[in-house]
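Student: Residue-level listing of the chains:
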Amino acid sequence: MKYERKDLLGIEELSAEEINFILDTAVSFREILERPIKKVPTLRGKTIVNLFFEPSTRTRMSFELAAKRLNADVLNFSTSSSSILKGETLLDTARNILAMKVDCFVIRHSAPGTPHIIAKNLSIPVINAGDGAHEHPTQALLDLYTIRERKGRIKGLRIAIVGDISRSRVARSNIWGLSKLQAEVRLCAPPTLIPPRIEETGTQVFFSLEKAIKNVDIIMMLRIQKERDKGSLVPSNAEYREFFSLTEEKIKVAKDDVLIMHPGPVNRGIELPTALADGQRSIILDQVTNGVAIRMAILYLLLGGK
Amino acid sequence: MKYERKDLLGIEELSAEEINFILDTAVSFREILERPIKKVPTLRGKTIVNLFFEPSTRTRMSFELAAKRLNADVLNFSTSSSSILKGETLLDTARNILAMKVDCFVIRHSAPGTPHIIAKNLSIPVINAGDGAHEHPTQALLDLYTIRERKGRIKGLRIAIVGDISRSRVARSNIWGLSKLQAEVRLCAPPTLIPPRIEETGTQVFFSLEKAIKNVDIIMMLRIQKERDKGSLVPSNAEYREFFSLTEEKIKVAKDDVLIMHPGPVNRGIELPTALADGQRSIILDQVTNGVAIRMAILYLLLGGK
Amino acid sequence: MKYERKDLLGIEELSAEEINFILDTAVSFREILERPIKKVPTLRGKTIVNLFFEPSTRTRMSFELAAKRLNADVLNFSTSSSSILKGETLLDTARNILAMKVDCFVIRHSAPGTPHIIAKNLSIPVINAGDGAHEHPTQALLDLYTIRERKGRIKGLRIAIVGDISRSRVARSNIWGLSKLQAEVRLCAPPTLIPPRIEETGTQVFFSLEKAIKNVDIIMMLRIQKERDKGSLVPSNAEYREFFSLTEEKIKVAKDDVLIMHPGPVNRGIELPTALADGQRSIILDQVTNGVAIRMAILYLLLGGK
Chain A
1 MKYERKDLLG IEELSAEEIN FILDTAVSFR EILERPIKKV PTLRGKTIVN
51 LFFEPSTRTR MSFELAAKRL NADVLNFSTS SSSILKGETL LDTARNILAM
101 KVDCFVIRHS APGTPHIIAK NLSIPVINAG DGAHEHPTQA LLDLYTIRER
151 KGRIKGLRIA IVGDISRSRV ARSNIWGLSK LQAEVRLCAP PTLIPPRIEE
201 TGTQVFFSLE KAIKNVDIIM MLRIQKERDK GSLVPSNAEY REFFSLTEEK
251 IKVAKDDVLI MHPGPVNRGI ELPTALADGQ RSIILDQVTN GVAIRMAILY
301 LLLGGK
Chain B
1 MKYERKDLLG IEELSAEEIN FILDTAVSFR EILERPIKKV PTLRGKTIVN
51 LFFEPSTRTR MSFELAAKRL NADVLNFSTS SSSILKGETL LDTARNILAM
101 KVDCFVIRHS APGTPHIIAK NLSIPVINAG DGAHEHPTQA LLDLYTIRER
151 KGRIKGLRIA IVGDISRSRV ARSNIWGLSK LQAEVRLCAP PTLIPPRIEE
201 TGTQVFFSLE KAIKNVDIIM MLRIQKERDK GSLVPSNAEY REFFSLTEEK
251 IKVAKDDVLI MHPGPVNRGI ELPTALADGQ RSIILDQVTN GVAIRMAILY
301 LLLGGK
Chain C
1 MKYERKDLLG IEELSAEEIN FILDTAVSFR EILERPIKKV PTLRGKTIVN
51 LFFEPSTRTR MSFELAAKRL NADVLNFSTS SSSILKGETL LDTARNILAM
101 KVDCFVIRHS APGTPHIIAK NLSIPVINAG DGAHEHPTQA LLDLYTIRER
151 KGRIKGLRIA IVGDISRSRV ARSNIWGLSK LQAEVRLCAP PTLIPPRIEE
201 TGTQVFFSLE KAIKNVDIIM MLRIQKERDK GSLVPSNAEY REFFSLTEEK
251 IKVAKDDVLI MHPGPVNRGI ELPTALADGQ RSIILDQVTN GVAIRMAILY
301 LLLGGK
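Protein chains in written order, with the numbering used here: chain A, 1 to 306; chain B, 1 to 306; chain C, 1 to 306.
Wrong hints could be hidden among the right ones.
If chains are identical, the list can't say which one is meant, so a pair holds when it fits in one copy or spans any two.
[Unchecked claim] For lysine-lysine, the following DSBU-like pairs were computed, each having C-alpha atoms within a straight-line distance of at most 35 Å:
id : residue 1 : residue 2
1  : Lys211    : Lys68
2  : Lys39     : Lys252
3  : Lys151    : Lys68
4  : Lys214    : Lys68
5  : Lys101    : Lys155
6  : Lys120    : Lys214
7  : Lys68     : Lys252
8  : Lys214    : Lys6
9  : Lys180    : Lys211
10 : Lys39     : Lys151
11 : Lys252    : Lys211
12 : Lys255    : Lys101
13 : Lys155    : Lys120
14 : Lys39     : Lys68
15 : Lys151    : Lys120
16 : Lys101    : Lys252
17 : Lys151    : Lys101
18 : Lys250    : Lys6
19 : Lys155    : Lys6
20 : Lys250    : Lys68
21 : Lys39     : Lys155
The set of hints was computed from the structure by calculation and includes no laboratory data.
As the structure is a prediction and not an experimental result, all values here were calculated from the model.
Between the sequences and the hints, there should be enough to build the whole structure, so can you do that?
Tutor: So this is what it looks like as C-alpha cells:
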C-alpha cells in the first residue's frame, strides 16, 4: 500500500485503506516525538509554505513543528502583510510562490474549496488545513489516531459529536472518517445547528444530549464558534450550556470508560466544565500531540515517501 | 573580476562589468534551484535580517528563501510589532540589531535613500529591497538575468517599459541597467506618469502604446499602483485600460518573438489580459524563479565570496 | 555550582552565587559571538517558543538569535493571529503548545506574574522576558555582565538608576541584582515616579539628578515610557528634560571614568542627548551584544547543561 494522491484535501475522497495507511505511518513519527532530539533529516532541502488566511495558533504551529522536525524549511505567509492587499488573485499568489521552487502548500481559508482550486492548478502537493465549514482532514486523522491509540480499534465504537455541527469542518471530516472506519456516529445539537439531510451520511441525529451519549465510547465536544456567529442560531450561551454542556452528572449514562475529545480551543464553562476538560477521561492534549505526528506523516507521504 | 562594494544599493552606481559579473554568478545558483535538495552550506552561521517597512510577499519571501538555501539564519522584522512604535529612530533600530552580531540587512522602505543612510552608518552589507520610487536593484538584476537567459544577450535589444514610470522604482532601476548593457529603452505612459527630464537618461518617450512597442523584443508592463495613488493622475482605470493595456491585437506590431515581462503582482484585466499574462510569450514566472537565484548570488557576493 | 532551578522568573529569588554562575557561563557564549560561524550544536532538536504578548523588537530578536545560535528551533507566537482571540485562557494556550512537545517558553506579558503562573503549571523551563512592571531578569543579567566586563567587578561600585523607577521592570530587576552583588544603588526620579517604601530595598532615593550622580561609577538611564502613560505623572517632557536629562555639563560631577547605560530604546533628546548616547562613555550597544550571550547561557543552563 502507498498513498498515491498528490494532495490531502479531504477525508471524503479517501478509502478506509488510505486512512489506515496514514494512521499506520504516523506511529513511527509519534515515537520520534518522545526522543530527546526530535528531528529526522527526511525532508532536508524541502520548503513548506504555510498559507493561512484565517487566524490560527495550534494548527499553524503544529504544521510548522512537523515540518521543522523533518528538517524542512518553513515559510509563513501572513495575509496582513501580503500582496493579496494589492488585489492579486489567490491563484496568482500561489503560482508566484511556487515559481520560487517551493515543495508544498498548507492552506487554510474561510472559503470552502480554496485548497482544491490551488491543488488542481499547481503541480506540488497541497494540504487542506481547514476550508470554511467544509473539511479539516488532518484534524480528523489526528482524532482517528487518538481514538485508535486509546481504544485499540475504531470499528464498532459508538461516538457522539456534540455541538455546532452545521458550521464545523471538524465534524464534517470526522463523520466521513469515522463512518469509513465503521464506527457508529451520533450527532447532537439544537436543530438550528444540524445541517439539512445529514442523516444521509448514515449518522443518527439527537436533539437531547442525554440520549445522544447513552452508552457511547467517545464524546467529541465541538466549540461554540462565537467568533463566526453572525445570526443567532442559539438563544444564548446560558441556554446552550443548560442543555448541551457536558457535566459530571450527565456523563454517567455513557460507558464507564468513555473518553472526552475536543478539537480546541475549549470554551471552559460553556461546552465543558473545567473538571471534565482537565479530568481523567479527557484526551484533549493527546489529540494535540498526535496532531504533530499525523502532520509529519502527511508531509512525509506527500513529499518524501516515494 | 570581483564585486568589491560593501552594499547593493542601486543599479545607477554599478558598471556594466559589475552587472555582468553578478549575472554570471547567479547562473550556478540558478542550477541549484533545480536540484532535489536546494541547499548549499555557503552562509552557514550567518544571520540575514529582513527589515521591511512596506507590505511585501514575493520580495520578502524571495530573500528569505535565498538566505535559507545558503543555510543562513533569517530574522524577519515586522514593523507593526516593533519598537519603531516606541519612537526609536530607524538608525538606532538598525544599530541595535547590528549589535546582536548579525551579518546583513535587507531593507525595504517607502522613503527613498533609507537603505543608503543605514549602509553609510553601519559596517555590514546592506541590500536595497526597494526604496520609495527610487531603486529596486535586485528586481532589475533578475529582469536582466531573465532577458539574457531567454534572448542570449541584452546589447542591441529593443525594450518597451509601459506603465506608471514616474512612481516605479522597478522602471528606474531597469532604465539604468538596460542602458548600461546597451539595450534601446523605450518608455510609454500617459504624460502624467512620465517623470520630467527622463529623456536625459537616453531613453525615448512614447505616449502611444502602438508606437512604443513597434518592433520591440521585450515589453515590460508595470502595475498601476492603485494602493499608492493619492491624486488622480489617470482619469480612470477604464481610460487607462483602453489606451495602455496590452492586447493580443496590439502586440502584433512587436517582433514575432516578443516576450512579456511584469514585476508583479499583475492586475489582471488592467495592464494585461489573462490570455497574455499566462500565454506563451509571458516570462513573468521565470522572473520570479530567477529572482531567488539573483538574491542568492548577491548574498553570496556580499557575505561569502571574499 | 550548578543552576538547579527549572525556570528563570526573576532576580529577586536568585542568590549572589547563582547570579555569578550565570555571568560566568555567559563568558564562553560571548566569545562565540566573535567567531565567523556563530553557531554551536548545543540545543539541536530542541524547540523554544517565544510567547510575546507585548510588542518587542530587541528582546524577541535577542532570544530568537540566542536560540538559533544554539541550533534550537524557534516558534514565534504572535498575539494578533492567535486563538487568544477566540477566548482561550493563556494557560490553555501554553498547555496546548506544550503538548506539541516543545522544550521552553520565553514569555513577555503586561500582567505581573504571568510567567510564574505558566511556570508553576507546566513541566518545562519558563523564562520571564518581562512581566508588567515586575521583573525583566535577562535584562538585569546582561546589565550586570556588562558592568563586570567593563569595570572588572560589581562589589563596591556606586550606580545611579535615573528615570521612571515606579513602572520599570528593568529598574526592579537591577535593584535586586546590584544589591545582591553588593553595589551601592541610588535611585533618582521625580517623587511621582518613585515607588513607595523603595528604601527598604537598601537603596538611596534622590530627587536631584546632580546629587544622585555625584561620584558614581555607572549611570543607568531609563526610558520615559510614553506608550504606557495613562495618567500624567510628569508635568511635561520639557519639564522632565530640564531636571532629569543627563547632559555633558551635569555628568562632570560623576567619576571621571563614569559609564552610561540604557536598556533601550533611547528617546534621544529626552533622557539622553545624542552626544552622550553615542559618546565614549556610552556602553549601550555593549549591553545589546551581551544580551545575546546572556540569553544563550540561560537557554543552555535551563535546557542543555544538565
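Student: Indicate, hint by hint, whether the structure satisfies it.
Tutor: Right, here's what the structure says about each hint:
Taking the shortest alpha-carbon separations for Lys211 and Lys68, neither the intra-copy value of 44 Å nor the inter-copy value of 53 Å comes in at or below 35 Å. For the identical chains of this complex, Lys39 and Lys252 are neighbours neither inside a copy (43 Å) nor across copies (56 Å), given an alpha-carbon limit of 35 Å. Proximity of Lys151 and Lys68 under a CA criterion of 35 Å is satisfied intra-copy only: 30 Å inside one chain copy versus 40 Å between copies. Taking the shortest alpha-carbon separations for Lys214 and Lys68, neither the intra-copy value of 42 Å nor the inter-copy value of 52 Å comes in at or below 35 Å.
Only between protomers do Lys101 and Lys155 lie at most 35 Å apart by alpha-carbon distance; the minimum there is 30 Å, versus 42 Å within a single protomer. Within a single copy, Lys120 and Lys214 get their C-alpha atoms no closer than 43 Å, and across copies no closer than 38 Å, so neither meets the 35 Å cut-off. For the identical chains of this complex, Lys68 and Lys252 are neighbours neither inside a copy (43 Å) nor across copies (50 Å), given an alpha-carbon limit of 35 Å. Taking the closest pair of Cα atoms, Lys214 and Lys6 never come within 35 Å of each other, the shortest separation being 41 Å inside a single copy and 45 Å across copies.
In this assembly of identical chains, Lys180 and Lys211 lie within 35 Å of each other by CA distance solely inside one copy; the values are 24 Å within and 65 Å between copies. Taking CA atoms no more than 35 Å apart as the test, Lys39 paired with Lys151 passes inside one copy only; the shortest distance there is 28 Å, against 43 Å between copies. For the homomeric pair Lys252 and Lys211, the shortest alpha-carbon distance inside one copy (12 Å) is at most 35 Å, but the shortest distance between copies (73 Å) is not. When the C-alpha separation of Lys255 and Lys101 is checked against a cutoff of 35 Å, the pair qualifies only between copies, where the shortest distance is 31 Å, while the shortest distance within a copy is 52 Å.
In this assembly of identical chains, the alpha carbons of Lys155 and Lys120 lie at most 35 Å apart only when taken from the same copy (33 Å versus 41 Å across copies). With identical chains, the CA atoms of Lys39 and Lys68 are at most 35 Å apart both within one copy (8 Å) and between copies (15 Å). When the C-alpha separation of Lys151 and Lys120 is checked against a cutoff of 35 Å, the pair qualifies only between copies, where the shortest distance is 32 Å, while the shortest distance within a copy is 37 Å. With identical chains, the CA atoms of Lys101 and Lys252 are at most 35 Å apart between copies only, with a shortest distance of 33 Å across copies and 55 Å within one.
For the identical chains of this complex, Lys151 and Lys101 are inter-copy neighbours only, at 23 Å across copies versus 42 Å inside a copy, given an alpha-carbon limit of 35 Å. Taking identical chains as interchangeable, the C-alpha atoms of Lys250 and Lys6 are never at most 35 Å apart, the minima being 45 Å within one chain and 40 Å between chains. Proximity of Lys155 and Lys6 under a CA criterion of 35 Å is satisfied intra-copy only: 28 Å inside one chain copy versus 44 Å between copies. When the C-alpha separation of Lys250 and Lys68 is checked against a cutoff of 35 Å, the pair qualifies neither within a copy, at 42 Å, nor between copies, at 50 Å.
For a Cα distance limit of 35 Å, the shortest separation of Lys39 from Lys155 inside one copy, 33 Å, qualifies, whereas the shortest one across copies, 45 Å, does not.
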